[in-house]
Amino acid sequence: NAGVMQNPRHLVRRRGQEARLRCSPMKGHSHVYWYRQLPEEGLKFMVYLQKENIIDESGMPKERFSAEFPKEGPSILRIQQVVRGDSAAYFCASSPSQGVGNEQFFGPGTRLTVL
Amino acid sequence: KNQVEQSPQSLIILEGKNCTLQCNYTVSPFSNLRWYKQDTGRGPVSLTIMTFSENTKSNGRYTATLDADTKQSSLHITASQLSDSASYICVVTPLTGGGNKLTFGTGTQLKVEL
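Which chain is which? The protein sequence lines are L and Z, in order. Residue 41 in our numbering sits at position 41 of the first sequence; the count goes up by one each step and never skips. Residue 27 in our numbering sits at position 27 of the second sequence; the count goes up by one each step and never skips.
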């Protein structure tokens with residue numbers, strides 16, 4: 001059973017370009033979470049999705065950022081018109097179901113660098 | 001505002017020695033508190049999980065303690081190994097909010113040297 005997979009592992013974009021980050025949850029997991037880790041800071045919650053639904057996006061910037069988790073395929077975190085401040089590590093986690101006791105399993109992260 | 005603070009920020013110890021990492025939190029009420037290990041360039045991996053009613057939990061050379069009254073937790077590592085070099089992160093799950101909004105500390109960067 002493969003763990004949470006993220007790709008690409010490293011992504012370099014110039015200011016104004018779009019960044020697409022992909023996350024494939026663990027087999028059997030239908031809940032996906034995205035977190036951002038800025039340099040020297042802890043992980044910060046961005047968005048929580050179930051298949052085809054955004055459950056909680058309270059941690060995601062209102063502009064330029066969007067997320068989806070389609071019925072088929074990986075979850076996608078999309079950043080439009082990237083700026084240097086978007087440079088960070090973006091982690092995806094998955095869990096089999098919702099609930100305070102359910103552990104979230106993390107992927108290796110995508111490190112985004114905006115030039 | 002929910003907060004999780006950790007100390008020390010960084011720590012260097014010799015291989016074979018023990019160490020204790022601290023976590024103070026203000027998240028309340030909370031469901032559980034976890035300690036994660038994050039190797040450089042990797043995602044966090046769970047080491048221990050404790051509910052508010054538990055005082056201690058062990059996982060091999062890792063032992064976590066929890067004092068819900070003082071809102072403090074510690075992670076004790078015994079007989080450290082070079083592979084223990086990593087960031088150790090304290091994470092609190094609020095009781096409200098569906099369990100999805102984990103609150104992360106900034107971590108303690110541990111380096112184990114020969």
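Check before you lean on any hint, since a few could be wrong.
Pairs of lysine-lysine, DSSO-like flavour, derived with a Cα cap of 27 Å [as the list claims (entries may be wrong)]: (1) Lys-37(Z) with Lys-101(Z); (2) Lys-44(L) with Lys-17(Z); (3) Lys-57(Z) with Lys-51(L); (4) Lys-62(L) with Lys-101(Z); (5) Lys-71(L) with Lys-27(L); (6) Lys-51(L) with Lys-111(Z); (7) Lys-27(L) with Lys-44(L); (8) Lys-17(Z) with Lys-111(Z); (9) Lys-27(L) with Lys-101(Z); (10) Lys-37(Z) with Lys-71(Z); (11) Lys-57(Z) with Lys-17(Z); (12) Lys-111(Z) with Lys-57(Z); (13) Lys-57(Z) with Lys-71(Z); (14) Lys-37(Z) with Lys-27(L); (15) Lys-71(L) with Lys-51(L); (16) Lys-62(L) with Lys-51(L); (17) Lys-57(Z) with Lys-101(Z); (18) Lys-62(L) with Lys-44(L); (19) Lys-57(Z) with Lys-37(Z); (20) Lys-17(Z) with Lys-101(Z); (21) Lys-44(L) with Lys-57(Z); (22) Lys-44(L) with Lys-101(Z); (23) Lys-27(L) with Lys-62(L); (24) Lys-101(Z) with Lys-71(Z); (25) Lys-37(Z) with Lys-17(Z); (26) Lys-71(L) with Lys-44(L); (27) Lys-71(L) with Lys-101(Z); (28) Lys-27(L) with Lys-111(Z).
FYI, nobody ran anything at the bench for these hints, they're computed from the structure.
Inset, instruction - Take the C-alpha atoms of Lys-17(Z) and Lys-101(Z), compute the straight-line distance between them, and say whether it is at most 27 Å. - result: Not satisfied, since the Cα-Cα distance of roughly 35 Å exceeds 27 Å.
Inset, instruction - Mind checking the alpha carbons of Lys-44(L) and Lys-17(Z) for me, to see if they're no more than 27 Å apart? - result: Judged against 27 Å, a Cα distance of about 32 Å means the pair is violated.
Legend entry - Straight-line alpha-carbon gap Lys-37(Z) to Lys-17(Z), limit 27 Å: Roughly 18 Å between the alpha carbons, so the hint for Lys-37(Z) and Lys-17(Z) holds.
Legend entry - Pairwise hint evaluation, Lys-51(L) against Lys-71(L), where the allowed Cα distance is 27 Å at most: holds (6 Å)
Legend entry - Given hint Lys-71(Z) paired with Lys-57(Z) - CA-CA distance at most 27 Å: Distance of about 16 Å is within 27 Å: holds.
Legend entry - Given pair status - Lys-44(L), Lys-62(L), alpha carbons within 27 Å: The given pair, whose Cα atoms are some 15 Å apart, holds under the 27 Å limit.
Inset, instruction - Please work out if Lys-57(Z) and Lys-17(Z) have their alpha carbons no farther apart than 27 Å. - result: Measuring from Cα to Cα gives roughly 20 Å; hence the hint holds.
Legend entry - Restraint check for Lys-27(L) with Lys-101(Z), where alpha carbons must lie at most 27 Å apart: holds (22 Å)
Legend entry - Restraint status (C-alpha distance of Lys-71(L) to Lys-27(L) at most 27 Å): Holds, because 14 Å separates the two Cα atoms, which is no more than 27 Å.
Legend entry - 27 Å Cα cutoff - pair Lys-71(L), Lys-101(Z): Holds, at about 23 Å.
Inset, instruction - Measure nothing beyond the straight line between the CA atoms of Lys-44(L) and Lys-57(Z); if it is 27 Å or shorter, mark the hint as holding. - result: Distance ~26 Å between Lys-44(L) and Lys-57(Z) Cα, so the pair holds.
Inset, instruction - Mind checking the alpha carbons of Lys-62(L) and Lys-51(L) for me, to see if they're no more than 27 Å apart? - result: holds (21 Å)
Violated hints for the displayed structure, listed by number in ascending order: 2, 3, 6, 20, 23, 28.
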